[in-house]
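The lines below spell out each chain.
2 protein chains.
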Amino acid sequence: MLSVAEARERILGGLQPVGAETVSLPEGWGRVLAAPVAARLTQPPADVSAMDGYAVRAADAVKGARLVVIGAAPAGHPFGGELGPNQAVRIFTGAAVPTGADGILLQEDAESGADGVLVQEDVHPGRWIRRAGLDFHVGEALLPAGRRLTARDIGLAAAANHPWLSVHRQPRVAILATGDEISLPGDPMGAGGIVSSNAHALAALVRAAGGVPIVLPIARDDAEAIAAAAQSARGCDLLVTTGGASVGEHDLVQSALGPAGFALDFWKIAMRPGKPLIWGRLGTTPLLGLPGNPVSSLVCGVVFLWPAIAALGGRPGLLPPLRTARLGAALAANDQRADFLRATLKRDAQGQWVATAFPAQDSSMLKTMARADALLLRAPHAPEAPAGSSVEILVLDELGL
Amino acid sequence: MLSVAEARERILGGLQPVGAETVSLPEGWGRVLAAPVAARLTQPPADVSAMDGYAVRAADAVKGARLVVIGAAPAGHPFGGELGPNQAVRIFTGAAVPTGADGILLQEDAESGADGVLVQEDVHPGRWIRRAGLDFHVGEALLPAGRRLTARDIGLAAAANHPWLSVHRQPRVAILATGDEISLPGDPMGAGGIVSSNAHALAALVRAAGGVPIVLPIARDDAEAIAAAAQSARGCDLLVTTGGASVGEHDLVQSALGPAGFALDFWKIAMRPGKPLIWGRLGTTPLLGLPGNPVSSLVCGVVFLWPAIAALGGRPGLLPPLRTARLGAALAANDQRADFLRATLKRDAQGQWVATAFPAQDSSMLKTMARADALLLRAPHAPEAPAGSSVEILVLDELGL
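Protein sequences appear in the order of chains A and B.
According to our numbering, the stretch in the first sequence is residues 1 to 401, in order.
According to our numbering, the stretch in the second sequence is residues 1001 to 1401, in order.
This is chain A alone, in the form it adopts within the complex (with noise of 0.2 Å):
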């Protein structure tokens, strides 16, 4: 059986990230940039006050002297002239600093009368002044390549006067589910009937992990249905199947789409929930077999596709982020499988994460999945574990799953 680790990188190794398209700039939220942001100017351009009040000399501005105000500055509209002796400018927050001025009489230091301005406290030279470029520097990089853009960065772009971002494009992403059994939710059911829920719950993860899906129609247990569906996601970034990858004699993902030529590797994981795991390219598209079991399909939805899709996407190397919590209660020792146990998360008085992990695990109790908020992960012939040790986890809910 392969390790999680050298199963993932394997994976990861094959695919290269999508080429980049032009976005406007609200469009490039969670988007992931193609080329880094430099800034096309200065911010701010030029010396500028930090507040509202008036722009001054500062050797002319002790406390009782009275200066002469012979203009003002809102912001957008420069002081044109000069600052001279005992004059003083109006300025108000973001305003440039007019020529001659090296300080900022605060508004609520001065006494605004019919002949100028009473100084009520001394003011220091460069005081309440912004630098130019306090922020940034016209050419200074500021946002690189490779990086998910939040908010701030949106504002940041925008600051930096960039109406259009390149990213990449987000992985498109078909999603086939196989199986006789199953059928969509609310369509019509036979006896020994399922309904599908791999396929949406993948789409959803892919979606949360910045690529599109594409669900393809189920198809039946029959190997030229599966074959002719898998050729339709031609032209995608990656073929996710779901169900036909365990060891029965309903293995028919593998069986299907082997003879056609197409490389198929197939693995036993050394992980539970989600042993089977098929993994090749159809013609130029990778493909990711996924188990059929509600449970399996999404554990290693997060543990495979998640950082596939990542790397198709243009984080490469980009791995679900591993957390540290305290052990909410006893676990036995583990056997050779790497564990994925669905657990809850609280917070201690510390504000540390304690992770318990349900009593039961079977691999097809999707409600404990949706309840969880964690993935708890147990190495490989790990030992019994008190409550209150260390353990290591994945918390769905920053992976927006």
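Misleading hints may appear alongside valid ones.
[Said to hold, decoys possible] Not close to chain A: a few residues of chain B, all C-beta gaps over 12 Å, as computed:
| id | residue |
| --- | --- |
| 1 | Ala-1058 |
| 2 | Thr-1150 |
| 3 | Ala-1332 |
| 4 | Asp-1397 |
[Stated by the list, open to error] Covered stretches of chain A, as calculated for chain B (at least 3 residues, CB under 8 Å):
| id | segment |
| --- | --- |
| 5 | 155–163 |
| 6 | 290–299 |
| 7 | 350–358 |
| 8 | 363–370 |
Just so you know, the hints here were simulated from the structure itself, not pulled from any lab data.
Virtual Cβ for every residue (Gly too), placed ideally from N, Cα, C.
With chain A fixed as given, assemble chain B onto it according to the hints.
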């Protein structure tokens, strides 16, 4: 000055969740349920096999026994007959256990031959059988109203046979940037001009919080222009203005909207950055006026706008979650204003957050806002805090910001 908590309480107290709409299951990801989801069927619908193998009578299936295989039950094709003594039915994961059988002989514990199947390990009654309803029973409450749907929830709702979901509409949030000095990225800019960044950063924040932003054209510093722009936001669920809320002469939002009979409050909030805030109602549309400074606008967005959108969107009372971190560098005592410091986060050897505030916190520095991982909270009058002491943080990534 109002406290942050009091201001937020007043804002949230005035907001009602928007109504519901029907969306298809795949559209439900990230949306907030307006009605609970209950199971429309029992899952599994009958006792099913948890493995590939043979359905048997446990009493017959002792090591060395040979059983006659009378049929097969692949998933989706239940075996119609009844199992008699010394008989077996080939069965696959997820298939219904035939009448008469009470245990599963694993495939790897069976040797199949022309004259039946040879039992190589004793079978225990009930082993490898998933009981009807192991995951959920028809009518069982699965997902509560007010829940923002995860990928796993979408899977669970699918499995429970829901093609449609009732979710809250996404609150429509109009955003109005005001100022003579601002222009859109890439647009011509006058002397003393600055590129408008607030509106698009706030638009991304609105999306992250689950709303739909509508960016209004920039309004110049002119009462009539602002009043006209604000009128165009009627019918939205919230109008957010940015700029024009300081204490200078150019506080036009207040003066432009006040005379038309609008109920507007103007508050100074005891916080930094972001002192001035406008809150009120323009006709029936709630209005939140944020500062014009880009960092103040975003910090107030996190503190006031994010929970306002959550409340409008069906999650009343939800606040940005506070986390605990250790201080990476000492902080001086705080004054009377709550401080929201831009900070970086690292993990220590125990996996706990270490938060270090940027040394320069000028509220015009958007670059440090983009580079921050968290806002580090300092309560009013908080005493000096040495490195290593415990502080509260808002993790920006966790908020999708």
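Quick rundown of the hints versus the structure:
no.	hint	verdict
1	Ala-1058	20 Å, holds
2	Thr-1150	6 Å, violated
3	Ala-1332	19 Å, holds
4	Asp-1397	8 Å, violated
5	155–163	holds (count 9)
6	290–299	holds (count 4)
7	350–358	holds (count 3)
8	363–370	holds (count 6)
Checked against the numbered hints listed earlier, the structure breaks hints 2 and 4; every other hint is satisfied.
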